[in-house]
Amino acid sequence: MPDAALPVPTISAIDGAVHSPRPHESAHKHVSGEAVYIDDIAEPAGLLHVALGLSAKAHARVTALDLSRVRAAPGVAVVVTAADVPGVNDIGYMGKGDEPLFASDLVQHVGQPLFAVAAHTRDQARRAAALADVTYEDLPAILTIAAARDGERTLVTAPMTLTVGDSAAALAEAPRRLDGRLAVGGQEHFYLESQIALAIPGEDEEVLVHVSTQHPTEVQHIVAHILHVPNGAVTVEVRRMGGGFGGKETQANLFAACAALIAKKTGRAAKLRPDRDDDFQITGKRHDFEIDYAVGFTDEGLVTGVEMLFAARAGYAADLSGPVTDRALFHADNCYHYPAARLESLPLKTNTVSNTAFRGFGGPQGMVAAERVIDEIAFALGADPLTIRKRNFYGVEDRNLTPYHQIVADNIIPELVAELEADCGYWERRAAIRAHNARSRILKKGLALTPVKFGISFTATHYNQAGALVHVYTDGSVQVNHGGTEMGQGLHTKVAQIVAEEFQIDIAQVRPTATTTGKVPNTSATAASSGTDLNGKAAQNAARAIKERLAAFAAERWGVAADAVVFAPGRIQAGDQSMSFPELVRAAYMARVQLSATGFYKTPKIHWDRAAGRGTPFFYYAYGAACSEVTVDTLTGEYVVDRVDILHDCGRSLNPAIDKGQIEGGFVQGMGWLTMEELWWDGQGRLRTHAPSTYKIPACGDRPRVFNVRLLDNAPNREDSVFRSKAVGEPPFMLGMSVLHALSDAVASVADHRFCPQLDAPATPERVLATIGRLRARAAGV
Amino acid sequence: MPCTVTMTVNGKTVSREVEERTLLVTFLREHVGLTGTHVGCDTSQCGACVVHVDGRSVKSCATLALQVDGATVTTIEGLAAADGALHPMQAAFREHHGLQCGFCTPGMVMSAVDLVNSNPSLSEQDIREGLEGNICRCTGYHNIVKAVQAGAEAMNADQAAKIAAE
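Sequence lines, in order, name chains V and A.
If you count the first sequence from 1, position 717 lands on 717 in the UniProt record's numbering, and the numbers rise without skipping.
If you count the second sequence from 1, position 165 lands on 165 in the UniProt record's numbering, and the numbers rise without skipping.
One or more hints might be untrue.
Said to hold, decoys possible - Listed next, the in silico PhoX-like pairs over lysine-lysine satisfying Cα-Cα at most 25 Å (straight line):
| # | chain 1 | residue 1 | chain 2 | residue 2 |
| --- | --- | --- | --- | --- |
| 1 | V | K390 | V | K519 |
| 2 | A | K146 | V | K696 |
| 3 | V | K29 | V | K602 |
| 4 | V | K29 | A | K12 |
Rather than coming from a laboratory, the hints here were simulated on the basis of the structure.
So here's chain V without its partners, still in its complex pose:
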């Protein structure tokens, strides 16, 4: 009981409050090897290892599938095919029936699973899987965007059109007009931990699945309908992922469903961890796009009208291609006001792996198109691209209507860009680079400053909800559970900070626990940068519910008004009574006060009518800008990134250290996408860059030589987000565009900046060299 004679020591602030640069909650376990990933969970006795048998053809009828040699292989316990699926053979989240767990009579991409084999060891399973005798009858395969767009244009899902104003009239009346096409490549997620699932059969219809997924609830639903059992029989748990980046939003479904199927069929635990090469071939990637654009503009470089057609390689099934291509349209304006626009998507069916979510979710491809259009205008007018960018920024009071009819109400891009422009010495360096290029015959420098405006919220409005569960134990320690998943982004750290802040206790007393559908149900994917916005608010609401009960109890016990009970750092003040949090909790427990609560949150204000192309799909926008400087060797096309300066808006950051990490990592990943990461399929639809030996992501030496990253100061979110912070997962990814444009600038110098280089992505050294050759030929009038 509180004792007035023994005052609780007063501390000025708790450890791990919101806005503090707290290390990741698992950092001590990451560095010591104690953090448990799914492959590190102690294996249950009798565990079976699963391997998948994959299609060797891009599009073919399977006329015979002879698995007798697979079944007879050493160590094999069971082989399953489509015929063994007790429920619906579909792992697509939309329930369209276009994405079978196992293909049967028709295969639609190289690497599509046909069967699974479970054996005593992983090695036995993999060797057995290679013994299948499959007879195919080839069908015509559509492998590229061009083949799909210029042919029958089969779509995997309904396209979307956004219109504002009369773009046809605007283009017709514009003083100047330019047309072009931009190609932008896809991207492999390359999460360091591959896909993995471990299924443990339970009583009756029950099964527990440990799976590396960003969306436990969806895995639960998919497993349930594959097994033909109620959702309530399936529990999905994930403590942490070794990276996700969108690649585990829907792509974990297949591995979880397959492991669960084998576990229930055999009564033994089953684990499926594909080899990295198989992971590359089985799972979807970022969509590659070809974007046709037409822009009308004034002699001053002001855009008057834009038309764009976004043709995307969706792969063989819908998966998330609908919302991904929608988001490309939502970001085809980036920071720029289009008085009139018509933006259309074409999610094209191809006989390649079904492309999926990847950090930015189509937004990056939309923005790249916007920046190309700005570049075209700048070159046409002989102006600096930054000048044209700034001229076309959304206004604050006017010129603020988007092509989806949402008003940009929190525009800070003009000030943010002005600040970065001054800080990084853009114009001085521009002059210095021009002088350098005049002197330097072979090595040419380039400079570019590009902005980002990213809409925050799921465009599927119903996804914008979250739940949390907070338990306070009688020693004052706290557990917090919520619907979000930890993939390294620091979500659990931020949520623990939020709960610590609410109770005013040290963060060491707050333990985030594994995400499980058994604790918090009906959750949304940890995606769309919304993890903290949604789950942080839900956890805050749960903590506040308990706080209110504690305050009401204290008020009654010590005869003060409930609002006179103060949760101060490390102690609670109720009138002249002062006590520690554990003391209050114990007293409340003895008085039979409930010390556990759920919390719920749904994002206010948002709505979206897709058919009409109108609404307010985003709660707010996150902003940022980056300035990159590169040096290109014009003899080889090779380049280095000399310097990068970033100014990014995290609102009032919940954790500046984690947010800076997101910005640095997002930038480098975005730079990788636009420069060195190249997916290459051969004429038979086989991915030939299917391992890190051939698919190159940025390594330590590729990081910018000088890398200055700063969070925007004094920029609280104008909306009521959790502690006025802003989402940070995806927006910095698109800061990588500054590298593409700096390369373009360096390339343009070989023809004295007379022609827009129209440098497509990825701007590999080969592509840079080819573009240099093209510009030189054009300058020479060849």
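Position chain A relative to chain V; hints supplied.
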């Protein structure tokens, strides 16, 4: 053909009967139960599996257990002091946020320790080049380089203190 492989792992002698083709990483993870060493790419590209063999960093997914028979192996679990105090390089990765998802971290830390042991006066450029064989998809490497610099400083300070004490 099964064979007996014996080595010193984190100060303890371990001996297991394994197939000759057993990889060192499999030996450590599945036969010895040390799961801190991770498999990222299966093909010796990513570096998540780096351990020390006789003090030098080695990719354990491209090494046979039999090849290091009789050797002294240190894994990420063996780096901290006996009382659990983190190795200076481990502490630096935690304090300088040189990690996000943590999957590459054990290999990254092991490579970094070897880099400092081989060259106590590492430059930023040395770190860049020295870590080329360790891939991280989360951090963009900025905080990893900072962590290695801080870890190197702390390791050198420890070393200097040891010499002074002698």
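Hint check results:
The straight-line distance between the Cα atoms of K390/V and K519/V is roughly 49 Å, outside the 25 Å bound, and the hint therefore fails. A distance of roughly 23 Å separates the Cα atoms of K146/A and K696/V; the hinted pair therefore holds under the 25 Å criterion. For the hint pairing K29/V with K602/V, the CA-to-CA distance comes to about 33 Å; that exceeds 25 Å, so the pair is violated. For the hint pairing K29/V with K12/A, the CA-to-CA distance comes to about 22 Å; that is within 25 Å, so the pair holds.
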